[in-house]
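S.K.: Two chains, two frames, a set of hints: combine them into the complex.
Those sequence lines, one after another, are chains A and B. Mapped onto my numbering, the consecutive letters of the first sequence carry residue numbers 1 to 287. Mapped onto my numbering, the consecutive letters of the second sequence carry residue numbers 288 to 597.
Read the hints as simulated data drawn from the structure, not as lab findings. Yeah, the Cβ is synthetic: ideal placement off N, Cα and C, and Gly gets one too. Treat the hints loosely; a few may be bogus.
[Said to hold, decoys possible] Lysine to any residue pairs mimicking SDA-like chemistry, simulated, CA-CA at most 25 Å apart: (1) B:K393 to A:S237; (2) B:K514 to A:T115; (3) B:K419 to A:H257; (4) B:K514 to B:Y362; (5) B:K577 to A:P94; (6) B:K514 to A:P261; (7) B:K514 to A:L265; (8) B:K577 to B:L548; (9) B:K577 to A:Q221; (10) B:K290 to B:L455; (11) B:K514 to B:F317; (12) B:K393 to A:N85; (13) B:K577 to A:T115; (14) B:K577 to A:R86; (15) B:K427 to B:Y363; (16) A:K33 to B:R468; (17) B:K393 to A:P261; (18) B:K514 to B:G461; (19) B:K514 to A:F114; (20) B:K393 to A:L88; (21) B:K577 to B:G461; (22) B:K514 to B:P431; (23) B:K393 to A:S173.
[Stated by the list, open to error] What the simulated footprint calls covered on chain B by chain A, stretch by stretch (three residues with Cβ under 8 Å from a Cβ of chain A suffice, anywhere in the stretch; the number is not a length): (24) 387-401; (25) 554-567; (26) 572-578.
[What the hints assert, rightly or not] One-sided and incomplete, this derived list gives chain B residues near chain A with beta-carbon spacing under 7 Å: (27) A407; (28) I410; (29) V522.
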Amino acid sequence: MFELAQPILNGILLGGLYALIAIGMSMMFGIVKLVNLAHGDMMILSSYLAMVFSTWLGINPFIVLVLTMPAMFVVGYVFQGALINRVLGKAMEPPLLVAFGVSIILQNFLLMVFTPDARSIITSLSTQSIVVTEYLSISVLYLVNFFTGLLVIVLLYFFFQKTYLGRGIRAASDDEVAARLMGINTRRTYGVAMGIAMMTAAVAGLLVGMTFTFYPHTGPQYLIIAFGVVVIGGLGSIKGTFVGGFILASAQLLGAHYLGPGIQLLSGYVVLLIVLAIRPQGIFGSV
Amino acid sequence: MRKVSLAVMGVLLVALATVPVWGSDYLVLFFMLFCFYLGLAQMWNLLAGYSGLISLGQQAFIGLGGYTMAVMTNYYGINIWLSVILGGVFSAGMALFMSLFIFRMKGVYFAIGTWIFAEAILIWFSNWEYVKYGMGLFVKPANPPSMNMIFYAAFIAGVGAVALVYTLLRSRLGLGLMAMRDDEAVAETMGVEVFRSKLTCFVLAAFTTGLIAGVLYVFQVFIQPYKAFAIDWTVILVFITIIGGIGTIEGPIVGTMIYVLLSQLLAEYMSVSLFILGAIAIVVILVAPKGIMGTLNEKLGFEILSPRRQ
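Just chain B, with the same shape it has in the complex (with noise of 0.2 Å):
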């Protein structure tokens, strides 16, 4: 059953690597999509499934590692994938910064505090001269990147996202996680970091969010602060894991494919879209709180990317 599963996955990764050469170009757009949205719903999922952090500002990594590229790449000339690098290194360290504040609210503080920050930077970036206030930046590269460029660059962010999470889920660092899941107390005392696990986890989760951003905004060439800073992108994350599954590897991949499919069926109707992810989302939560995947998983016993030790 493992080495169906296993075998399966790797005919679906080589599907996905391969895109550009067998797929139309509305195929190569509709699967880098679907990377850049698994990408940033793992790293929700991360926090939220396993770390026990809600945040509702996964947007402020998300601008940031936007602007910083094209701030990077516009003012410094610096080359474009380095800028995206920087991009995430830039969200760590806003996230270091932010733990000062908001690591000693809990719960439902936690994740309101973390909007008020996204908040907080998407009108300061508004109000900042250096990148031209609320008009936005074109991202203007001196070689620019190649479509097919930017598919692997989002493939790369994408499936890296969730090996990062399958191996991080995997490693001692995992490990105390679910612990901390299960009983924050009684990990405690058996020795689990709970403060430094969690800090790990939402530097982490900053840094690849900002580092997909940074290639979102390489494929998207304009960037501006009421976009890029919006709670749309942490709302949709939510929507995407709680409907695929929370705290599973897999959860997050359905829910993604689900998205992207209906906000390309429904792609002329934005606020339809997100009307029925909503309705979706509630219902999941109300009759199947495990989401599609951890549904299947209690039911079935169906797995493919256990963090499981065998």
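Bound-form chain A, shown alone (with noise of 0.2 Å):
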């Protein structure tokens, strides 16, 4: 029973990373209703950006955050405001097939940069462990990221209610033609949304990088993270994006336990799959 703990403790504090990484995601869905396929891509574009900063200034991966998050910002608000919003609101495809079409961009111009070979972020923190107990030890990385993640979705539901800001985004969401009337606009605050959508992908980027090794092809697998994170969880729950990267994480790290390494992302979508097919909205969405 005590050889689970490990798998379980890991599962939820890498489920609270898987969080992070679905968060804006599931935000772009909730705003725009645009399931950002170049999501995953972006996030491996701000872990190289980190990468590239922290080893020419020499400094601290955490201080890179000041660079990083102010240029994905701009990067989201371009994306959406030159090509997205000017695909929005015919039909459901062609903003996914632009999305689809920016994610395979970035992915071969990343490895025409930076060439197919893995990388990582390098921080004195993922060698350091608490010992608990015999069976149980805990990654300062994982915990780390864990509480990284819970800051950024609890600063972004303040924002979302308490800004000015944060409430103009969500009333162009609900009523796009009302929100207009009361002097929003709309587009501009679409650019703005996924811009900080930009900024947490930046942060889920940088610990990402540090976390794991990456490559330019590691984008989709962290889409495919993100939304079975917001499949499982439901759209638009904030308790249910940390639900989702919980279960996900750990049917990942269980099947791992059980059934080998090789069978991790196996698990993950298998659960996934079995979700969708029972409850299509999500464990916490509504119908």
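M.R.: As structure tokens, then:
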């Protein structure tokens, strides 16, 4: 029984990181009904940015966020303003396919610039761990990931509830015409929302880059994780995002524990497909 | 006008069929690739352009078709062309099984559901001893077919896929599909069996995709899960169809020509050609959402293979 404590604890901690990866995508789905198929690649782009800045400037990877978050905000604002806004509101396919195109462009751009080699962001945290008992030790990096994820999501929640801009975004999403009549530039608002979503991706990209190795083609893997979290938890539910992250991460780690590390991703996908087949609206979602 | 365009089509078809007679080895290779991608793209077009099913998991059927062919030939000594057909049958079976899960999903969920399914199969195959894990299989038929035979198999598969979509659209099922595309709820009220029509298309597309992939891997000789089940396949099919014109039969033909030319010109820079294709596809969606052939059709009334009844 004790041996299960480790994968479950890691599942909870990793779940926090997964929730952070997913929150930007979930947010944009909620606001403009867009499944941003480039979300994973945008996140990996910010991993590369963080790697480049921290190596060049030789500074602590967390301070690099001061640079990567604004950079990703601009990327998101331009992506939404120049591309997605132009195809919104017609049918479901065009925005989906535009995002898909951007995803492929980004992957191949990263491949051309950074070669297919595995990269990671070097940090002293990755080797440290807190030993609790013989069976249980907590990786400091996983702990940092979990609390950073929690912090970002709580901040995002207050942003949408309390600030003028956050309320404006919600208003634009609820009723675009009415929001316009009230003097909100809805298209610009969507751009800002995507910028904020990309800022969460910048944080996620840094943490993922410190925790795992990444390649130019790693993006889709995290896109599927993000999608899985959102689907299991239910769209637009903050509590659901966390529970979804926990279920998906635990399914992966328990699968790896029992069946070998090769099965890790597969067991996550299987759980996801089962949830989709039984309860397509997610555990916390309403129909 | 119609007679002229039909005559042009006929000439092109005869020219394509006789490439091994008049063309160099390189041209045979070029047009063989053209036939493969044409057939695969036409199937994606049938799903996305006519049935409202955006599948991002066509690579599942490409890998399954290829692997079935390799396993049947290598392990059971079955005739290679029979193995190819079995590849189609297995893919169709897998499509039926997948439909239990993913046909409960709509739109975007369907798209990502198919993708996740394909990823799951990829991991399954790369952990499966029976197919030698990620190391892959060399196809070793008792009598290796000649290049010309593979070309004609590709020709039949590619042109057959176009003919299949054409006949399908002119059938009762096709009428229903087009009614659904215009307004699903109304079509259903008028008695179109939406679920069954979509499922039929999905399974047919899986069968044809698996079949074409079987021939493709007869040509490639070596199959490996990370390549066979890669999302890159579907990426290419999506770009071909969007650039050529989604929801038109001629679209994938033109799109495939552009893709094969570009990929040959930039053969050593796969990433550059995908980058360019992605950029072209985005521009097409923004500027001319109906693609090259759809726009020509709209502006000039230019149409060769019209599914419409005259």
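S.K.: Each hint should be assessed against the structure and marked as holding or not.
M.R.: Hints, verified against the model:
no.	hint	verdict
1	B:K393 to A:S237	holds, 20 Å
2	B:K514 to A:T115	holds, 18 Å
3	B:K419 to A:H257	holds, 23 Å
4	B:K514 to B:Y362	holds, 21 Å
5	B:K577 to A:P94	holds, 11 Å
6	B:K514 to A:P261	holds, 21 Å
7	B:K514 to A:L265	holds, 18 Å
8	B:K577 to B:L548	holds, 21 Å
9	B:K577 to A:Q221	violated, 31 Å
10	B:K290 to B:L455	holds, 22 Å
11	B:K514 to B:F317	holds, 20 Å
12	B:K393 to A:N85	holds, 23 Å
13	B:K577 to A:T115	violated, 35 Å
14	B:K577 to A:R86	holds, 15 Å
15	B:K427 to B:Y363	holds, 11 Å
16	A:K33 to B:R468	holds, 21 Å
17	B:K393 to A:P261	violated, 32 Å
18	B:K514 to B:G461	violated, 34 Å
19	B:K514 to A:F114	holds, 21 Å
20	B:K393 to A:L88	holds, 18 Å
21	B:K577 to B:G461	holds, 20 Å
22	B:K514 to B:P431	holds, 23 Å
23	B:K393 to A:S173	holds, 21 Å
24	387-401	holds (count 11)
25	554-567	holds (count 7)
26	572-578	holds (count 3)
27	A407	holds, 4 Å
28	I410	holds, 4 Å
29	V522	holds, 5 Å
In this structure, the hints that do not hold are numbers 9, 13, 17 and 18, in rising order.
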